[in-house]
Structure formats: C-alpha cells, structure tokens
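Chemist: Those protein sequences? They're chains A and B, same order as listed. Position 147 of the first sequence, counted from 1, bears residue number 147 in my numbering, the numbering being contiguous throughout. Counting the second sequence from 1 gives a position; my numbering is that position plus 255.
Among the hints, a few may not be true.
Claimed, not checked - With a cut-off of at most 25 Å between alpha-carbon atoms, the simulated DSS-like pairs for lysine-lysine come out as follows:
1) A:Lys-27 <-> A:Lys-186
2) A:Lys-104 <-> A:Lys-129
3) A:Lys-129 <-> B:Lys-433
4) A:Lys-27 <-> A:Lys-178
5) B:Lys-676 <-> A:Lys-104
6) B:Lys-344 <-> B:Lys-433
Quick caveat, the hints were computed from the structure, so don't treat them as lab data.
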Amino acid sequence: MVVLDKVSKAYAGQAAVAPVSLEFASKRVTVLIGPSGCGKSTLLRMIVGLVLPDTGRILIDGEALTADNTLRLRHGIGYVIQEGGLFPHLTAEDNVALLARFLKRESSWISARLGELADLTRLSSEHLKRYPRYLSGGQRQRVSIMRALMLDPPLLLFDEPLGALDPITRYELQEELKRIFGALGKTVVLVTHDMNEAGYFGDHIVLMREGRVVQQGGIRDLLERPAEPFVQQFIRAQRAFPAGRTLEGGPAAAA
Amino acid sequence: MTSSFYPGRGWLSSAERVAPRLRLGAGALLAWLAVSCWAQGALSVGSKRFTESYVLGEVVTQTAARAGEVRAVHQQGLGNTAILFAALKSGAIYVYPEYTGTIAFELLGMKQVPGLAELNHRLGEHGLAVDVPLGFANSYALAMVATRAAELGIVRVSDLARHRQLRLGLSQEFLNRKDGWEALKTAYALPFVPRGLDHGLAYEAVAAGQLDVIDVYSTDAKIERYQLLVLEDDRKFFPAYDAVLFYRREVPDRFPATWKALQRLEGRITARRMIAMNAAVELSGLPFQRVAADFLSDAPAAVPRAGKTPERTFITALMSPDLLRLTGEHLVLVFVSLVLSITVGIPLGIWAQRAPRAQAMILGAVGVLQTVPALALLAFLIAAFDRIGTLPAIAALFLYGLLPIVRNTYSGLADISPSLKEASQALGLPPPARLRLVELPLAARAILAGVKTSAVINVGTATIAAFIGAGGYGERIVAGLAVNDHAMLLAGAVPAAVMALALQWAFDALDRWLVPAGLRP
Numbered sequence: 001m002v003v004l005d006k007v008s009k010a011y012a013g014q015a016a017v018a019p020v021s022l023e024f025a026s027k028r029v030t031v032l033i034g035p036s037g038c039g040k041s042t043l044l045r046m047i048v049g050l051v052l053p054d055t056g057r058i059l060i061d062g063e064a065l066t067a068d069n070t071l072r073l074r075h076g077i078g079y080v081i082q083e084g085g086l087f088p089h090l091t092a093e094d095n096v097a098l099l100a101r102f103l104k105r106e107s108s109w110i111s112a113r114l115g116e117l118a119d120l121t122r123l124s125s126e127h128l129k130r131y132p133r134y135l136s137g138g139q140r141q142r143v144s145i146m147r148a149l150m151l152d153p154p155l156l157l158f159d160e161p162l163g164a165l166d167p168i169t170r171y172e173l174q175e176e177l178k179r180i181f182g183a184l185g186k187t188v189v190l191v192t193h194d195m196n197e198a199g200y201f202g203d204h205i206v207l208m209r210e211g212r213v214v215q216q217g218g219i220r221d222l223l224e225r226p227a228e229p230f231v232q233q234f235i236r237a238q239r240a241f242p243a244g245r246t247l248e249g250g251p252a253a254a255a
Numbered sequence: 256m257t258s259s260f261y262p263g264r265g266w267l268s269s270a271e272r273v274a275p276r277l278r279l280g281a282g283a284l285l286a287w288l289a290v291s292c293w294a295q296g297a298l299s300v301g302s303k304r305f306t307e308s309y310v311l312g313e314v315v316t317q318t319a320a321r322a323g324e325v326r327a328v329h330q331q332g333l334g335n336t337a338i339l340f341a342a343l344k345s346g347a348i349y350v351y352p353e354y355t356g357t358i359a360f361e362l363l364g365m366k367q368v369p370g371l372a373e374l375n376h377r378l379g380e381h382g383l384a385v386d387v388p389l390g391f392a393n394s395y396a397l398a399m400v401a402t403r404a405a406e407l408g409i410v411r412v413s414d415l416a417r418h419r420q421l422r423l424g425l426s427q428e429f430l431n432r433k434d435g436w437e438a439l440k441t442a443y444a445l446p447f448v449p450r451g452l453d454h455g456l457a458y459e460a461v462a463a464g465q466l467d468v469i470d471v472y473s474t475d476a477k478i479e480r481y482q483l484l485v486l487e488d489d490r491k492f493f494p495a496y497d498a499v500l501f502y503r504r505e506v507p508d509r510f511p512a513t514w515k516a517l518q519r520l521e522g523r524i525t526a527r528r529m530i531a532m533n534a535a536v537e538l539s540g541l542p543f544q545r546v547a548a549d550f551l552s553d554a555p556a557a558v559p560r561a562g563k564t565p566e567r568t569f570i571t572a573l574m575s576p577d578l579l580r581l582t583g584e585h586l587v588l589v590f591v592s593l594v595l596s597i598t599v600g601i602p603l604g605i606w607a608q609r610a611p612r613a614q615a616m617i618l619g620a621v622g623v624l625q626t627v628p629a630l631a632l633l634a635f636l637i638a639a640f641d642r643i644g645t646l647p648a649i650a651a652l653f654l655y656g657l658l659p660i661v662r663n664t665y666s667g668l669a670d671i672s673p674s675l676k677e678a679s680q681a682l683g684l685p686p687p688a689r690l691r692l693v694e695l696p697l698a699a700r701a702i703l704a705g706v707k708t709s710a711v712i713n714v715g716t717a718t719i720a721a722f723i724g725a726g727g728y729g730e731r732i733v734a735g736l737a738v739n740d741h742a743m744l745l746a747g748a749v750p751a752a753v754m755a756l757a758l759q760w761a762f763d764a765l766d767r768w769l770v771p772a773g774l775r776p
C-alpha cells in the first residue's frame with residue numbers, strides 16, 4: 001500500500017530521518033513507535049506530503065508522490081493529529097463535511113455519510129451541531145476521526161491521536177479505535193510513544209530511534225527477540241501493571 | 256449542512272456576500288460623480304481659508320446668484336494659493352478673490368507688482384485673467400501686543416533686530432511664500448527662527464504672551480480686538496496687495512450677465528468697510544453669508560459692540576442647514592475610501608503573508624505612507640489628478656486607510672496555528688480553498704479590527720478634506736479656525752467625533768455578525 005524507498009530528511013544539517021526504507025502492508029495496522037524526536041512523526045508527515053523528503057521516494061499504491069498528485073492522493077488519506085486539528089470556526093459537522101462539500105458531493109450522500117460515521121464513532125447529531133470548543137477532548141477526537149473517514153479513504157494516518165487525552169477517555173477511545181479498525185479493514189499507520197498502545201493496536205510494530213528503524217515485527221518478536229539492548233530498554237521503560245490490559249492485548253491475558 | 260449559515264463564507268470570501276458591499280461602494284461613487292457633474296453646470300466660486308476671503312467669496316457668489324443667469328456655488332475655504340490656482344486652471348472653480356501681489360510674486364514669480372494689463376498679459380497663457388479691483392488693499396504686516404512693544408520700545412520692523420529673544424509665530428503661508436519670511440528676513444536682517452502655526456490660532460497665542468510677533472493682514476479685524484500694534488514697514492518691504500477678481504478667461508463670454516453684475520463691485524469695498532465686515536464675522540459672530548448679504552443690500556455693516564454675546568451659539572452652528580450635506584459628504588469620503596482600502600488592503604495583506612520576499616516591501620510601503628503629512632499628500636495628489644475636491648481627498652484617505660487593514664490581514668493570517676494550517680493542507684484542499692474556507696475566516700476577527708481602526712481614523716482624517724474643497728465636517732473646523740469661531744469649530748468637531756463613535760459601535764455589532772460563532776470569546 002505505502003512504500004518508503006530510502007527517504008531521508010534533515011533540518012538545519014541535523015538528520016531527522018536517516019535513509020529509511022519501509023513498507024506498510026494493506027489492510028493492516030502498523031504502529032510507528034519510539035522516543036520523542038526519533039523521526040516517527042516526520043515519516044507520517046512525509047506520507048501525506050506535509051514534509052518533502054530530501055532524498056528517496058514515497059509510493060502510495062504504486063504511485064510516486066509528487067508535487068502534482070499530492071492534492072489528489074491526499075483525498076485517499078485520512079489524517080488525524082494529536083489535538084484533532086479541528087477548525088474552530090466550523091461546527092463539528094461542517095468540519096467533517098468540509099472537503100466533501102468542496103468536492104461538490106451530493107448533499108444527500110453527505111448527510112447519509114455523516115449519519116453512518118456518527119453511529120460508528122458514537123456521536124449524537126446534537127454533538128455535531130456544536131463548535132469544537134464546546135466539545136470534550138474525546139469528542140473532538142471522535143469528530144476528527146469522522147473527518148478523516150468522510151471520503152472513505154483506503155489509508156488512515158494517526159499521529160499520536162490519543163496523546164492529549166486523560167487516561168479514562170484514552171482507554172475508552174483505544175477500544176473504540178480498535179473496534180473501528182476491525183470494522184473497516186483499512187490500511188492504518190499509527191504513531192505513538194506508548195508501548196502498551198502499540199501492542200494493543202499493532203499487527204506490525206516499527207521501533208525507531210534517532211531517525212533509524214531499530215527493529216520491526218510483531219509485539220512478540222520485540223519482547224522475545226530484541227535486536228539490540230535499546231529495544232529492551234525501551235520496553236522496560238513502559239511499566240506493566242499486574243491487572244488490566246497488558247502488552248499482548250486483550251484483558252489480562254498474560255501478566 | 257442543515258444550518259444554512261456557513262461561517263466559512265462569512266468574511267469577504269464568497270461572491271454572494273461581497274457583491275452587495277461592492278454595489279454599495281460603486282453606488283456611492285456614482286452618486287458622487289453625479290453630484291460633481293451637476294455642479295459643473297454651475298459657476299463655482301472659490302475662497303481661501305481666512306475670514307476676508309470667505310466674505311469676499313460669498314459677496315462674489317451672491318452677486319453672481321442675484322444676476323440670475325447661472326447657479327452659483329461657493330467652494331469655500333480651500334487650502335492655499337497653490338490649491339486655488341490649480342482649481343482655477345482645471346476649471347473646478349471659475350473665479351475667486353485674490354490680491355495682485357500674491358499673483359505677481361507667488362504665481363508668476365515676478366520681482367514686483369505690475370499693473371493689471373501686464374498681469375493679464377502674463378496670465379493669458381494659463382487662460383486666466385484679473386480684473387475688477389474691489390477698492391482696498393490688504394498687505395501683510397507684522398504686529399505685536401501694543402503694551403509689550405512699548406515696553407521694548409519697538410515701533411518699526413527694523414527695531415526687531417535688536418531684540419534677539421523675541422518669539423515669532425508666522426502662518427505657514429507667510430513662512431513659505433517667495434515674498435514672505437525669507438525675503439523679509441533678508442530685507443531687515445532679522446535673526447529669528449520663527450514657528451509656523453495656523454493663522455487663526457496666532458492671535459490667541461500672541462495675546463496670551465506665548466508669542467511676541469505674528470504676521471497679520473492690514474484689514475484684519477482682530478488687530479483692534481487684541482490691541483496689537485502694526486509695526487511700521489520702514490524699509491517699504493511689503494508691497495500693496497490690491498484685492499481683485501481672479502477668473503477664467505471664458506467667464507465674461509460664458510456668463511455675460513453675471514460678469515456685468517460682478518463688474519459693478521469695482522471700487523465698492525473700502526478698507527474700512529472690509530475691516531468692518533471682517534469684524535462682523537469674527538467679533539460679532541455673524542455668519543459670513545449674512546455679512547455678505549448685508550453688504551450687497553447696502554445695509555450698514557453690523558458694528559461689533561463690546562460685551563455683546565456672539566449671536567451664533569454652538570447649537571445653532573451645529574444645526575445650521577448644511578449639517579445634512581456635510582454629513583453626507585463626510586460619509587461618502589469615509590466609506591468610498593474605506594471600500595477601496597479594503598479591496599486593496601486585504602489582498603496586499605494576503606500577498607505579504609504568502610510571499611516572504613514581498614512582505615518587507617509591502618508592510619514598509621504602507622507604513623511609510625502613514626507618515627506622509629496630510630497636506631503634503633493632498634498637494635501631491637492634486638497635482639497627480641490635476642483637480643481638487645473629492646477625488647484627491649478620497650485617494651488620500653484610501654492611502655491612509657491601508658496600513659491597519661494590510662497589517663491586520665497579514666498578522667491575522669500569520670498567527671493561525673501551524674497545526675490548523677497543516678490540517679487544512681492534509682485534507683487535500685487546494686491553496687485558494689484553504690484561504691477562503693479556513694484561513695480568512697480564522698483571521699476574520701483581526702481583519703475586521705483593522706477595518707474598524709481604519710474607518711475610525713478615516714472619520715478624523717477626512718476633516719482635512721475641507722482644505723481642498725471636498726466638504727465634510729472639516730469645512731466647519733477649517734472655517735471655525737479661520738474666523739476664530741469656537742462654536743463653529745466645535746460644530747464640526749463634535750459631529751465628527753459622534754460619527755467615529757457610531758462607526759465604532761456599528762463595527763462592534765458587525766463583529767458579532769461576521770465573526771464565526773466558534774471564534775467568539
């Protein structure tokens with residue numbers, strides 16, 4: 001679905017992403033994880049064309065991303081950022097429908113789609129009439145997810161979507177997102193720095209450090225066959241709890 | 256979208272919303288054009304910004320009107336000689352009262368004042384002429400408070416050079432004309448560095464002891480009121496300035512009956528009569544229209560009586576019949592220029608924000624515009640347009656109005672959080688749509704604040720339009736200053752202040768309507 005071919009990016013001579021080659025398989029959830037500044041967000045922003053790589057190329061469904069096709073390719077990508085990035089001057093509904101209206105989709109199609117997505121994200125029509133400032137953080141993130149899903153794009157990018165939420169809301173939304181991913185079967189790339197979250201969502205986890213990929217594979221690979229001491233170090237830094245969800249996902253499978 | 260109001264289109268973004276505004280601006284412009292065309296069928300008479308010129312201008316206007324041949328309009332209180340000369344050449348006015356000395360020195364650059372025949376010979380190439388000596392001369396002179404002059408033993412202008420500590424305050428016109436201060440300084444070897452100030456304020460300043468010496472006109476009513484001593488011109492520096500009519504050559508042919516009536520003014524106004532008329536306006540507070548009418552109907556000039564309360568109070572001055580016309584003119588000046596400032600300013604602000612290379616140049620240029628003195632800008636624009644009145648005034652207000660709008664558009668766009676800009680990019684909206692649907696609405700508040708600032712400042716600045724005959728409340732302020740009439744001055748300044756407050760209030764209401772609900776505090 002998405003192929004990164006030796007892409008690199010430097011800011012003021014400082015490498016943010018060393019040449020990286022990666023492939024994100026179709027209809028799978030891939031998690032990019034690593035400490036702050038490891039280049040995981042930059043990689044995501046390259047895919048949606050917000051950051052232009054210094055070298056290498058990006059293929060989306062076999063098509064190389066260029067200045068000419070960026071706008072069109074973006075219509076096939078849903079992008080959700082930490083604070084939601086909702087436009088404060090538009091109601092939730094207008095935020096969700098902004099692009100569809102600009103692209104002159106039928107209004108009957110738009111309202112039908114709004115209904116479906118509201119059901120999917122469990123938002124009421126009353127929520128949709130509100131401006132973002134009158135919604136809670138969790139509701140804003142649900143609206144943001146609706147906006148990303150509006151045109152039913154095959155590719156979804158999440159940049160720390162739950163990072164700014166309180167623990168309870170975060171816990172709820174993790175379950176919601178997992179359910180949504182399961183229901184839609186889309187290609188998802190999700191950035192987080194939380195190993196629990198990565199293990200909970202990810203079919204495939206890519207651990208990064210200082211602009212390079214350290215190790216990738218299933219959560220079990222990272223736990224049982226760490227490629228270098230940093231992997232263990234990073235996992236150890238995420239405290240496990242005796243009860244509740246664990247690294248392997250699912251309630252209290254193996255503590 | 257079930258709610259039909261689409262805030263994203265709230266601010267200058269969709270054709271539907273913008274069109275009524277443009278139509279409003281175009282309507283005002285057309286109305287103004289119609290008015291100016293209609294005025295062209297009339298005989299317009301000019302006058303300068305001092306009492307005597309107002310009175311004489313009114314005498315000429317009323318004489319022309321009484322001839323019944325053509326409608327006569329008085330374009331009163333125009334800025335200075337250069338502005339009136341431009342107005343006369345361009346046909347904006349047909350005739351105005353002037354002094355032979357001014358024409359010879361100031362306009363023709365001659366070394367002395369020749370006879371009328373020689374003046375007419377020289378003026379022929381401009382299509383202009385002088386005639387009808389009114390019967391008095393009004394020369395410049397220097398004056399001091401009599402008691403102070405006696406203290407220092409000053410009687411003649413040449414005595415001044417012995418008192419280096421004296422403070423001189425001279426009108427801008429006298430300071431800057433060729434036959435004015437520089438020539439006088441040389442002739443008498445005077446050591447002073449004079450201050451420039453408005454002629455209307457100079458008397459008060461010299462009476463209050465803030466100045467020692469001022470320039471006066473020899474027919475000035477206030478010489479007696481303030482008990483000034485006119486210093487003897489012992490080196491015969493000041494030439495005689497005979498009052499005459501200065502007119503476009505076609506006037507006698509085009510308006511023969513009117514011209515005949517005007518010719519009958521020849522020799523009818525003596526210096527004594529002129530002083531009395533000036534005093535009737537400045538000391539008794541009579542309107543100059545009335546003073547001119549009294550003169551033409553041969554009624555004795557109202558003699559100023561000490562202790563008599565001025566006839567014109569603030570309320571009567573405020574409510575005088577020209578209030579509606581002045582309000583209309585002021586509104587046209589403010590709104591037409593504001594619409595232009597918005598139409599040009601917002602795109603400039605957008606451009607400055609988009610193109611970092613153009614940014615410094617654009618913001619710098621509109622900033623510098625703001626620092627150009629109003630009168631200098633007006634003078635330049637009169638030359639550029641080759642006409643006086645509403646057009647150059649609107650152009651000046653337009654230029655002054657740009658800075659707040661350009662700056663606020665720029666900063667409103669620049670202050671949008673990067674994550675919101677990226678969110679609109681990542682959605683896949685093309686740049687024009689991002690601007691229209693996201694960035695301009697988010698900056699609406701800042702832009703509107705800029706427009707409000709521009710509008711409110713414009714109301715104040717528009718008062719200077721009266722210097723070049725564009726009307727508005729400034730007409731009263733300028734006239735009030737010129738004839739030293741505080742009621743008249745306030746009658747112009749107060750409605751301007753009220754208009755500024757009303758605009759401020761209207762924009763606050765507009766803020767609630769235009770700024771998307773999600774952005775309000």
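Chemist: Could you run down the list of hints and mark each one as holding or not?
Modeler: Taking the hints in turn, this is what the structure says about them:
1. A:Lys-27 <-> A:Lys-186: 5 Å, holds
2. A:Lys-104 <-> A:Lys-129: 21 Å, holds
3. A:Lys-129 <-> B:Lys-433: Status violated; Cα separation ~73 Å.
4. A:Lys-27 <-> A:Lys-178: 13 Å, holds
5. B:Lys-676 <-> A:Lys-104: The given pair, whose Cα atoms are some 22 Å apart, holds under the 25 Å limit.
6. B:Lys-344 <-> B:Lys-433: 21 Å, holds
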